[in-house]
Every structure is written in C-alpha cells, then in structure tokens.
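Could you put the whole structure together from the sequences, leaning on the hints where they help?
Protein chains in written order, with UniProt numbering: chain C, 1 to 296; chain H, 1 to 296; chain G, 1 to 296; chain X, 1 to 296.
Keep in mind the hints are simulated off the structure, nothing from the lab.
Glycine is no exception: its CB is placed at the ideal position from the N, C-alpha and C atoms.
Listed below are several chain G residues computed to face chain X (Cβ distance under 10 Å; list not exhaustive):
1) V17
2) V18
3) L29
4) N33
5) T109
6) G124
7) L205
8) H246
9) F254
10) Y263
What the simulated footprint calls covered on chain C by chain H, stretch by stretch (three residues with Cβ under 8 Å from a Cβ of chain H suffice, anywhere in the stretch; the number is not a length):
11) 57–66
12) 111–120
13) 151–159
One letter stands for each residue in the lines below.
Protein chains: 4
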Amino acid sequence: MAIVLGPNQYGKAEVRVVAVDRSTPRHELVDLNVSSSLRGDFAAAHTAGDNAHVLTTDAQKNTVFAFARDGVGSPEAFGLRLARHFAGSYDWITGARVAVESYGWERITVGGQPHEHAFRRPGGEVRTAVVTVDGDDVHVLAGLTDLVVLKTTGSEFWGFPRDRYTTLAETRDRILATAVTARWRYTGADLDWDACFATVRTTLLEAFAATHSLALQQTLYRMGETVLETVPDVAEVRMSMPNRHHFLQDLSAFGLDNPDVVYHADDRPYGLIEGAVLRDDVPPAEVAWLGTPGFC
Amino acid sequence: MAIVLGPNQYGKAEVRVVAVDRSTPRHELVDLNVSSSLRGDFAAAHTAGDNAHVLTTDAQKNTVFAFARDGVGSPEAFGLRLARHFAGSYDWITGARVAVESYGWERITVGGQPHEHAFRRPGGEVRTAVVTVDGDDVHVLAGLTDLVVLKTTGSEFWGFPRDRYTTLAETRDRILATAVTARWRYTGADLDWDACFATVRTTLLEAFAATHSLALQQTLYRMGETVLETVPDVAEVRMSMPNRHHFLQDLSAFGLDNPDVVYHADDRPYGLIEGAVLRDDVPPAEVAWLGTPGFC
Amino acid sequence: MAIVLGPNQYGKAEVRVVAVDRSTPRHELVDLNVSSSLRGDFAAAHTAGDNAHVLTTDAQKNTVFAFARDGVGSPEAFGLRLARHFAGSYDWITGARVAVESYGWERITVGGQPHEHAFRRPGGEVRTAVVTVDGDDVHVLAGLTDLVVLKTTGSEFWGFPRDRYTTLAETRDRILATAVTARWRYTGADLDWDACFATVRTTLLEAFAATHSLALQQTLYRMGETVLETVPDVAEVRMSMPNRHHFLQDLSAFGLDNPDVVYHADDRPYGLIEGAVLRDDVPPAEVAWLGTPGFC
Amino acid sequence: MAIVLGPNQYGKAEVRVVAVDRSTPRHELVDLNVSSSLRGDFAAAHTAGDNAHVLTTDAQKNTVFAFARDGVGSPEAFGLRLARHFAGSYDWITGARVAVESYGWERITVGGQPHEHAFRRPGGEVRTAVVTVDGDDVHVLAGLTDLVVLKTTGSEFWGFPRDRYTTLAETRDRILATAVTARWRYTGADLDWDACFATVRTTLLEAFAATHSLALQQTLYRMGETVLETVPDVAEVRMSMPNRHHFLQDLSAFGLDNPDVVYHADDRPYGLIEGAVLRDDVPPAEVAWLGTPGFC
Chain C
1 MAIVLGPNQY GKAEVRVVAV DRSTPRHELV DLNVSSSLRG DFAAAHTAGD NAHVLTTDAQ
61 KNTVFAFARD GVGSPEAFGL RLARHFAGSY DWITGARVAV ESYGWERITV GGQPHEHAFR
121 RPGGEVRTAV VTVDGDDVHV LAGLTDLVVL KTTGSEFWGF PRDRYTTLAE TRDRILATAV
181 TARWRYTGAD LDWDACFATV RTTLLEAFAA THSLALQQTL YRMGETVLET VPDVAEVRMS
241 MPNRHHFLQD LSAFGLDNPD VVYHADDRPY GLIEGAVLRD DVPPAEVAWL GTPGFC
Chain H
1 MAIVLGPNQY GKAEVRVVAV DRSTPRHELV DLNVSSSLRG DFAAAHTAGD NAHVLTTDAQ
61 KNTVFAFARD GVGSPEAFGL RLARHFAGSY DWITGARVAV ESYGWERITV GGQPHEHAFR
121 RPGGEVRTAV VTVDGDDVHV LAGLTDLVVL KTTGSEFWGF PRDRYTTLAE TRDRILATAV
181 TARWRYTGAD LDWDACFATV RTTLLEAFAA THSLALQQTL YRMGETVLET VPDVAEVRMS
241 MPNRHHFLQD LSAFGLDNPD VVYHADDRPY GLIEGAVLRD DVPPAEVAWL GTPGFC
Chain G
1 MAIVLGPNQY GKAEVRVVAV DRSTPRHELV DLNVSSSLRG DFAAAHTAGD NAHVLTTDAQ
61 KNTVFAFARD GVGSPEAFGL RLARHFAGSY DWITGARVAV ESYGWERITV GGQPHEHAFR
121 RPGGEVRTAV VTVDGDDVHV LAGLTDLVVL KTTGSEFWGF PRDRYTTLAE TRDRILATAV
181 TARWRYTGAD LDWDACFATV RTTLLEAFAA THSLALQQTL YRMGETVLET VPDVAEVRMS
241 MPNRHHFLQD LSAFGLDNPD VVYHADDRPY GLIEGAVLRD DVPPAEVAWL GTPGFC
Chain X
1 MAIVLGPNQY GKAEVRVVAV DRSTPRHELV DLNVSSSLRG DFAAAHTAGD NAHVLTTDAQ
61 KNTVFAFARD GVGSPEAFGL RLARHFAGSY DWITGARVAV ESYGWERITV GGQPHEHAFR
121 RPGGEVRTAV VTVDGDDVHV LAGLTDLVVL KTTGSEFWGF PRDRYTTLAE TRDRILATAV
181 TARWRYTGAD LDWDACFATV RTTLLEAFAA THSLALQQTL YRMGETVLET VPDVAEVRMS
241 MPNRHHFLQD LSAFGLDNPD VVYHADDRPY GLIEGAVLRD DVPPAEVAWL GTPGFC
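Set out below in structure tokens:
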C-alpha cells in the first residue's frame, strides 16, 4: 500500500471585477465575481513543495483584470476566454474551470427616463456561468441561484404513504415557495449566451407559475422539461429547490378562524428537492460538473 | 452607592408572518418580519425573578399572528395597531416599540400578463417601519435598508487636507457606490403610509442619480434635503451610507492602460458616512429612535 | 422653517490589521477589526461638497496600520491612541470614536506543548472595545459579543399574567440558552485593560452558570450586578440577550414519552431581553454610547 | 430524443435536534443539525405528481426527533441508524444519505470546577459526518469545517513560473492562514467514531503546525498523508483550504519600515487549494461523496 495524491485543483476565488463601457454617454456596467481553478500535473508542489508548475493564483487574478480591459461580454464568453487561456498557458496544465457570478444592475429612472450612468442593484438572484476546459473539450454551464418564488394557491400535497412517523395532514391548497438554484449544460460553445439565458430564465418562471403542483418534485420536473422543450441547445438541467415552508397558523385559541389567511414562514428545517432533467440522446459530461454542486 | 436597574425592554423578535388576501382571484401578499419590545415597570422580574408583570414574548408573537387575521395593511399601520395594543394592555406597560421589515414580492409575468397568484421576491432592499408608543405619544419612522446604488461617473473627490498619513490621490471622476440605509420620522400618525414611502424612495433614488457629487457627504445631504423638500410630513431623515470602494485597477505591469474601464470592487475596509438632515422647527423626539440605530 | 444638517460622523470601517510580535521565538499575534469615526465641523462637505475639513477615510486607514507598527497592546489601549490622535489632528475635529473587534487565537498544541508560531482561531465570541474622545473627555467601553451559553436545567418560567393571547404553559424546568452581548463602561482611562476584561468575562460566565433562573431578565440582571460588585472600575453594564428557544419535542404521536430529553432548537422568532445595570452614583455618559447600540 | 428524469433525491434539511442526557447530575448535551435525503424510485412524483412513493420530509424530521429519544451517541452512529432506517423503510427506497453537523459545547468553569449543567459553545469549527446507504453498501465520511489556523512564520513561496501576468514577488517568510475543511472516508462502519475523530483532528492540527511549508499544496498533502499514516481505518482524505492572504502593509510613505510586523488580512479574492490524498489499494467509492462537495 502506498499513499498517493488524488484529484486536485487550485486557483483564485472571488475576483470582484467591475467593468464600465463608456464608449457612449449611456454607460454600460458589468459586475462579476470570477473564480478560476487549474488542473494538471501539480504533484511536485504537493509532495515536495516544488512550485515550478504552479502558475500563481495572483497571476490568475491579474489575468482576470487584464482580460477585462478588452471588454467582458457575457459571463459565459468571459469564462471561455479565461479558461482557454489558462488551459493553454503551460503544457502541464491540462484543464481549467472558470466560474462566474454576475450581478445585475438596473438603470435608475429619473423623471421617467432611465439614467445614463446611475444604477440600482436589485440583489437576491444571481446569474452564474461555469466553463470547463478539459484537454480538447469545452463545456459551458449557465445557471441562476436564489430565484425566490411563491404561489399563494395552485399547490396540493396528498397521497403520500404513512409510516409510523408520518403525522402530516394532507392538503389540497397550500402556499408553495422556494429559492431556485438551476444550472443547465449547453451542447455548444458558441451560442448567443445572453439570449439563451433570458429564454431559460423566463421559461423557468413561467413554468413555476403555470404548473398546478401536486408535489414540488412535479414542479421541478416541469420546469426542467419546459427548458429542454424550449431551448434545443440545452442538454440537461439540474435543479435544487428548498421547500420554504409556510405553515398555516392555528388561531383557534384566540377564538379566530384562519381560512388560509395567516401563515408562519419557517426557517428550518426545510424540505430539499433536487433533481436532473435531461435529453436521453446526449452523452453525459460529468467533468462539466466537477466542482459544481449539481444538487446545490 | 447602590447597584440599580437601568433602562430595559424585552419582547419577541423576528416573527415571520405572511398574510394572503384571497378576496378576489388576484391574490395579494404581505410578507413581514415583526419585532416587538415592551417598556414599563419590569423591575421585579430583574431583581427577584417575579414575572407578574411580564406579558410573555410568546403572547406577543401570538398577538402578531392574531392581528394579521383582520388584514395587515401597510407596515406602519400594522405597527401602530400592535404598539397601541401592547402599550394599552396593562397599566405597568408604559411604552412599546414595534419594528417591521417588509419584503416586497412582484407578480411573475406569464405570457405578458402579471400572474394572479404567482410571485417573485426580488431580494436585497427591505422596507422598514418602527412605531414607538411612549405614554400618550406615538412616533412613526419609515425607512429602507440595502438600497444598493452606483454611479459610473459624476463623482469627484478632491480638496481634502493632507496630513502625514494621507496618500490618496485626488480624483475628478470616480465610481460612487453605496448601500443606502435611510430612516425618516413622520410628524403625523395618520398618513397614507404607502404613498409617502413610495415618494420618499423615488426621491432618494432620483437625488442620488441627479446629484453631481463632490463628496459622499454631499450626496447624503442632498438626498435628505430633497426628501424634506418633497414630503412635508417628514421631520427628519437619518442616513448611513457605506462607501463601497471601486478601485481603478493598475494594468501597467501588463503593458495595458486603464482609462476608467476596469475596477476592483473591494469589501473591507470601507468608508462610512452617516448623518441626519432635519427641519429646524420640529421638536426632537429621541424616544422615536431608541433602540433603532440612527446611524446604522 | 429651514432644512439643516443634524448630527453626523464619518470614518473608515473594518480595517483588518494583524500584528505579529517576533521579538522572541515565541511569537505573539493580535488580530483586529478597527473602525474609526470623526465628529466635528464637516458642514461644508455636506452642503457644498467642500472637503477642506475632511481628513480622508483612506488616511484614517493608513493611520491604523502605521500606529500598529509600534505595537498594538490591548484593544482599549490601541483605541485610545487612535481616538486621541484623530481628535487632536485638526481643530475642527472635536471628537472621535474608535471601535475595535479583537479575535482571539490559541496556540496549537504539538506533542503536548503550545507551539511557538502556529495558532488556531476558535471563532464565535469576539472581544470589543469602543473609545470615544469628546472634547476633553475620554470614555472607554469594553465588551464581548456572541458568547453563546446554555443551561440544561436550573431555569424556570412561571407566574406571568395571562391575557387573551397567552397560551404558553408554565414550566419549572427548561433549557435556557442565549448569545450574550455585553458592553460595560469604565470610569477610568488608564486601567489594566486585559486584566479587567478577563475578570468581567469570567464573572459573566460564572453568574450565568450559578444563577438559578426564574426569568432571563433575572439572569441578565444578576450577571450585570456581579460585574459591578466585582470590578469597581465599571460604572454600568448593558446587555442584550436573545432567548434562544429550545422547545421540548412532543413525541407522543409515535408512542414515545419525552422526559426532558429531546428538544428542537428554533431559529425565529426569539425572545430578546435587553437591559442596563448601573451604579446610582456615577454620572451618565451617553456620548460614550453614541453609535454603539446599548441594546444590540 | 426524449426528455427524461435524471438523478434525483429529496429529504428534510437542517433538523436542529438537541438531546440532553440527565441520567446523572452531570448532564451531557449533544447539539446536531441533521439533513436526510432519500434515493430510489420517485419518478411518478416528478412526472405525474403521484406521491405514493414519497415518504414525506415531515416524517423524516419526525424520525430524527424520535430516534434521538433513545440517545444519540456520535454523529456517525446517529447517521448510520437513520440512514439504515430510511433505506429499509420501503422497497422503492434504495438509498439514503444522512448528513450531520455537530456543534461542540464546553462546560463553564465555576470556581475552578467544570459545571454540571452549564455550557459554553465555542463557535467556529464544526464536526461533520455523512453516512450513505446505497443498496447493501454503507459508507461513512467524517470531517470538520472552519478549522481556522495560522502560522506567523515557517512558510515560504518561491520558484513559481512567471508568465506575462505574474507580478508576485517571491518570499522566504510569510504568514500562512487557512480555514480547513477536511472530510475523510472510513473503510469500516463499526469504529470508535469519537476516538477516530479526535485522532484525525489532532493529526491535522499538528501536521499544519509542524510542516515547514513551501506551498499550501505541500501543507495540504502532508496533513492528509499524516492522517492516513496515523489512522489505518481511513481510506482517503479530501481537503479544501482557502489561502487567507495576509499582506505585509507598505508603511514607507509614512517613513516607517515594516519588518514583518503589520499585515492586512484581506477578504477577497483568496487562493483556493483543493486536493485528495488516498491509499492506492482501496477501491474508490464515489457514491459516498455524492451530494457532498469533495472540494468544498
């Protein structure tokens, strides 16, 4: 028996780069959080402290800022430029993963007009992209996190088995709320990333709203299914959806009824529903997900 | 010398109540985080563990849920109902403070139409209200937190004194970004709370955008001043505005210039600008702010 | 009526300075988070964007690092040096507030011996100091936050009034848990800060453990009282203690009893008990608390 | 082409169960955060909203509380009981994953003696366990997160390649700080879990302290290697170690030198070093890691 080095990677996490396009008076703004990881032959650094193969994480950070000088574009495109650069920089670097969070900004409205250089950041929801270069292969995941949605009706939950520990009552009408994390894998590496993202996001929202839900699993599946039906370039969708419980509050001790009016929004514990929806004719690509929780 | 009890209060914090109005197919939703505190004669609980005066925090929580049964309305109105109830419940309770955070939800658009019962929570910005009943007096603060705004130009900073430790270069053009916490005190207790809030919020945003800034202090003051100019029912505005630094990245080591294109959004440390703007003819009301950081 | 500038302050928040004393092979480490605020005549910056009086927050940051070059000492002593420096730097600066968070590190034990230069940071509890210079006056607050404590017995809660909304059962034995935030004001400005802090912290812990509690208010008061009894240099103690509820879980649906064995640790809502304990012969000093939540 | 359901799981996350052993006056306390996930045939819930196979997450929560009635023991043992129960409850449930976070409490010392029922929770570091039942196989991972450690010397970084974007200076003496997340897989399912955990934790700490580091990769590898050398029942160790940069502050503008005394502890970006160390004769078991970030 010998003790050996297993899979490993290293990089610079959370480079907060903001780039402004001032080419016209109507400024444009991109606000990113970029993390890079390199894969390849870094054994000597681990076993002997020999850094001859270690492109420093400081240099990776510098590269992010330098590449932003030429314009950033979409998170996917920026990730592709960076990942290809890193993977091609030295022959012992055989792969790179670049993960990007993108924070949206909206123009402030002044006198009914969108302002040219003043913005508001809505917060919450974040757009994500993960690009993986693995030898000659390139994989692109897009996604979003913290898309918080709720339905005040159109959600039932009944028909479940009852074991010794089941005390839950069945319900034909409940609040359904969740914070969607979704990530989807594209089959191509040269798409209109912003348009694809916008379409998927709209599809997810509409499917959540339009699905009469008998189970959060059903809602999740329907959301993924409609994405695949709508965007041919998507091979699979992985989703993680916490069930943010809203419990109807019992007011009877105070002489009050509660006909689905007053709820307690609970924190913990919460249900957690996770699943993938995919095309059955697309080859899997687990390396695209390596380091990215498929079920967040 | 004796050791004595000083100021004290107690209550239930962060009651997460969600109320749904289903009176029409187009549901309405309010989502609140309510914290109550009682003031009065609770000395015996402190010095002897005698709870005869202690209206339990559990009962306070129950009251929040029970009162929501009749409809919630605006955060300010709900706070007023609760604070008056608590302050009037026993003669040894001489005051109450009710703080409300309100989380906004937007209707999901499906097929171009706002959905009747499906919502999205944008996240970030929170609307706040703090109602204080103090004997016969009632005070209402409204506010917002985490209103994140940024200008890509229209901000200068120069003309400051230079001591031994001053190394900062002057600038005629910088990114200005902040997360506004603002709280304002109304002179009345029977206003159109939602309309007032909407006006103040719009005014703050427009003033941020429209002010050519020579100092973040100047922006803060102008924001407060325009609120007071616009809404006669506001007596004072207190604001806390962290200066979220965006540093121009030096790319010269890579043979690149950086004509105000690439910035590093830094986390810490950050500047912190705090100040009040007020009408000079309105009596102060410090009790309205007790327990609420004036400068958050 | 005129609109005027009210109270204001500005400074640099959260300067993360770490200083190492290598004067012997047994290294010493201090790890601080320092925030400074200046008070005085900064009206022109607000009303006209004139920065002639604005000692930059960048210079304040530089000062923190420069002063650390000579050794830091206790958080209180470092705060005093900085606050006096800032308040004395220009005649229009009439006051300064310096708040310090101090993170403790313990030596890692190797082979039974504390290591000379390897440390572990326990996390959680933070030591705090707030120094305020106000004209010729100097005030020092010490404190701690997030001291999480729990008793599995020795806590009762009964004898409270029952209004329409009171449903809580009385109990003669419950879990009592809280996260103590305590801040205390010293009467002097030249004390053995580390020794005082250690004594107060020990006193708080022992009083929590030793007090048979009939109310969390009683525990809070007894903790403050013992601090004042033990440390003559402390004038007042202000405490904020959330009641972290541990609810006995009802297992009867599964045919199980639960004789004070299994609890659910709930998140929200929580009780919040806040109060001050003080000597009746010490003059108040509200300026010492300005900007510091007395009840956090 | 068809759209199909891919891998999926669901369960109840973050059940906060606290159990007290009062069998002697010296109480014992366990404080856990338990998350369960079930795997198997849940296709109908996804595609048709048919919940006949869905053991509710509410029942899973109830099971956690009910099982705690008989005593909890170690996190690994509790996870094993639960995972085996869930996986054996219905024939369509083919696997279960139970993840446990365990929060340590120390006895408060009163008068030099550890108190019998009063405790303090240190915060920070968390002990973890993940048990996976997959058909007839059982896998146990133990671990810890947020073990924050720092060395003031004994760390070098030099000899790295210099590409166009490399500007970092070499150093023969730097601060090395990280927050260790480590997870290790046992080859057995019937070990003395507490003793193994204690040994691994001590080994990790001592290896961090004792290794003269030429690269954080080297430290990581040495930590894993010593665990495998010390505990024969461990098959592999996966670690994620952010490089929490401490930058020497340049004080020359103020006429001061800085001989490794004053540092700035930076937040973002940070280096992130991730790797596995393993025995080359142990079969891999990827299902043991499914849903658990191997590189957190």
